[in-house]
Amino acid sequence: MRSWIEIVEGVKIALGAIRTNKLRSFLTLLGIIMGVSTVIGISSLTQGLDKTVGEELSTLGSDILYVAKFPWTERIDFEEYRNRKDITMREVEALKERATLAVGVSPSVDATRTVKYRNKSLENVSISGTDEVKTGNVYPVLGRDLTAADCEHRRSVCVIGWDVAENLFEDKDPIGQRIKISGHTFRVIGVLEKQGDLFGMNQDQSLKIPIGVFFKLFGHRRSITIQIKVADPLVLEEAKDEIRGILRQVRKVKPGEPDNFGINQMDMIMNLYRSLTGGLYAAAIGVGAISLLVGGIGIMNIMLVSVTERTKEIGIRKAIGAKRRNLLWQFLIEAVTISVVGGIIGVIIGFGLGKLVAAISPLPATVTLWSVLLGLGFSSSVGIFFGIYPASKAAKLDPIQALHYE
Amino acid sequence: MLIDLKKITKDYHVGTQTVHALREINLGIDSGEYVAIMGPSGSGKSTLMNILGCLDTATEGIYNLNKSNVSELNDDQLAEIRNREIGFVFQTFNLLPRATALHNVELPLIYKGVSAADRKKRAEAALDKVGLSDRMTHRPNELSGGQRQRVAIARALVNDPSIILADEPTGNLDTRTGDEIMEMFEALHDEGNTIIMVTHEEYIAEHSDRIIRLRDGLIERDEAA
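For the record, the sequence lines run as chains H and S. Residues in the first sequence are numbered from 0 upward in steps of one, following numbering that gives the first Met the number 0. Residues in the second sequence are numbered from 0 upward in steps of one, following numbering that gives the first Met the number 0.
Source of the hints: derived by calculation from the structure; they are not laboratory data. Treat each hint with caution, since some may be false.
Stated by the list, open to error - Partial selection, computed: residues in chain S whose CB lies under 8 angstroms from chain H:
#1 D55
#2 D74
#3 K111
#4 R154
Just so it is clear, CB atoms sit at the ideal spot from N, CA and C, and this is done for glycine as well.
Start from the sequences and build out the full structure, keeping to the hints where you can.
Here it is as structure tokens:
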């Protein structure tokens with residue numbers, strides 16, 4: 000009961016002191032506000048990013064493997080990089096024939112070109128050569144997808160992404176129209192549904208053509224990525240083993256030598272991504288910690304001033320019965336109140352910054368309870384840590400000298 | 000006996016010199032007395048007041064207050080004794096400038112650990128007693144000097160102390176207001192309160208029943224007024 004009265008009184012006194020010295024308190028708060036808002040702002044952005052990236056990656060499917068020349072997340076030295084054999088249609092054929100755990104094997108090659116329609120053109124369109132086998136889950140909203148016949152006969156047809164359709168054809172129906180890629184004419188047979196961004200890459204500014212046509216147009220000397228849809232995510236590991244066996248045989252890897260190809264899956268990207276945002280997060284916490292330290296020093300400074308200014312008040316309080324503990328509490332609570340007020344403002348600003356960035360950029364923002372608690376927890380510990388010295392100074396003052404201080 | 004000082008000595012060390020502020024003072028004050036302490040500056044009257052008020056402890060000697068020895072208590076124990084036994088009234092009022100009259104009067108009760116509702120009731124009663132029931136929410140800078148000193152008296156009374164210790168209570172007031180304050184002390188004395196007043200004004204000391212005169216750290220005279 001007694002200590003509760005002390006705490007309530009302490010908070011009242013502290014808020015009164017903050018109100019009396021508005022500008023001074025605000026300047027003191029600034030460091031804390033910056034520290035907490037940095038942490039909250041960055042954490043709300045990375046959390047938001049985590050959430051959406053997780054969602055997007057899951058739409059890409061956890062049952063799809065990507066066979067490429069290199070594993071996505073491993074570092075490979077340059078010599079190795081230059082000398083490694085490309086993945087060719089031979090591997091695709093072998094997998095199509097022999098991979099029993101795969102329900103779909105689809106090669107794809109990519110290039111970036113400008114696409115023209117009459118007098119309009121669109122730069123940086125990602126052109127992918129593929130075949131009729133569907134492994135992803137993106138479907139045409141208009142027209143049709145590539146068929147086995149298109150691929151077999153190497154027809155000059157294309158299925159265009161949403162943004163390509165919008166930019167080149169506006170309100171016109173694109174189906175049946177002819178577009179030019181590197182001087183070659185293609186007939187539009189379908190428009191894919193809108194997919195949105197992934198890692199800041201626009202997936203809708205793309206089109207796909209039969210892989211045979213792609214090779215004819217852009218040459219064979221490029222490595223294929225093979226998408227393999229596995230029958231069941233539960234047999235993913237077995238499927239990997241099977242694919243590894245087939246590829247080692249086709250690519251003539253001797254026993255005991257390491258693979259000269261990579262079998263990738265989206266989880267790897269997710270892990271890589273997590274390690275990147277983890278670094279960002281750590282950096283933000285570092286910046287926040289430094290701000291909090293500076294803010295804490297500011298609080299100590301202001302509390303020392305406050306104790307000196309209120310020496311007489313301390314004397315009065317001691318004369319009428321305040322013990323050391325009472326004054327220690329009073330000034331400690333004042334320091335903590337200042338820092339927690341700073342923490343709260345920091346949380347609000349950080350949240351606002353997150354929302355602002357989310358509003359003007361494609362980055363999403365999410366504020367989690369634990370980041371708010373972290374911000375408040377840190378700011379109040381700063382208050383305690385840097386408030387204890389000034390408070391103990393106040394507590395130890397001699398009542399007679401304090402009373403006669405002018 | 001309420002106050003019993005036995006051979007109280009207080010020395011101050013200033014550099015290498017020792018100043019003897021009080022030299023083996025013996026003094027007894029009974030409950031319900033109205034005592035004035037007089038003396039020129041440097042006579043030791045402030046030192047005596049600090050010791051009587053438990054703001055300071057003697058270098059040597061024994062101080063029995065309300066039959067308990069307070070000469071060897073530590074800071075916090077002295078704070079508790081001050082809170083319980085002593086009501087201070089200072090020359091410069093010593094109110095908290097930002098707090099209302101009511102809050103100023105509540106202060107001793109806060110340190111005693113009295114609940115908010117009870118505190119308010121008692122503080123209001125004390126302010127009512129000094130005739131300030133219509134000024135409770137005013138801050139010191141909104142009050143006249145006399146009113147401020149009455150707030151201070153209310154604060155001194157609120158905890159029902161054994162001694163009211165007044166240090167030049169009229170020193171910062173004009174004569175008429177000073178007289179009002181002195182009347183208030185007399186009324187308090189009539190109610191049975193023990194009052195010890197430090198002053199250098201003869202006519203103020205006249206209000207008391209007993210005048211103790213100090214000089215050079217010794218009691219020069221101790222006589223009825």
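The hints, checked one at a time:
1. D55: holds (6 angstroms)
2. D74: holds (6 angstroms)
3. K111: Given a least distance of 7 angstroms, the restraint on K111(S) holds.
4. R154: OK, holds: R154(S) within 8 angstroms of chain H, min 7 angstroms.
The structure is consistent with each of the numbered hints, conforming to all of them.
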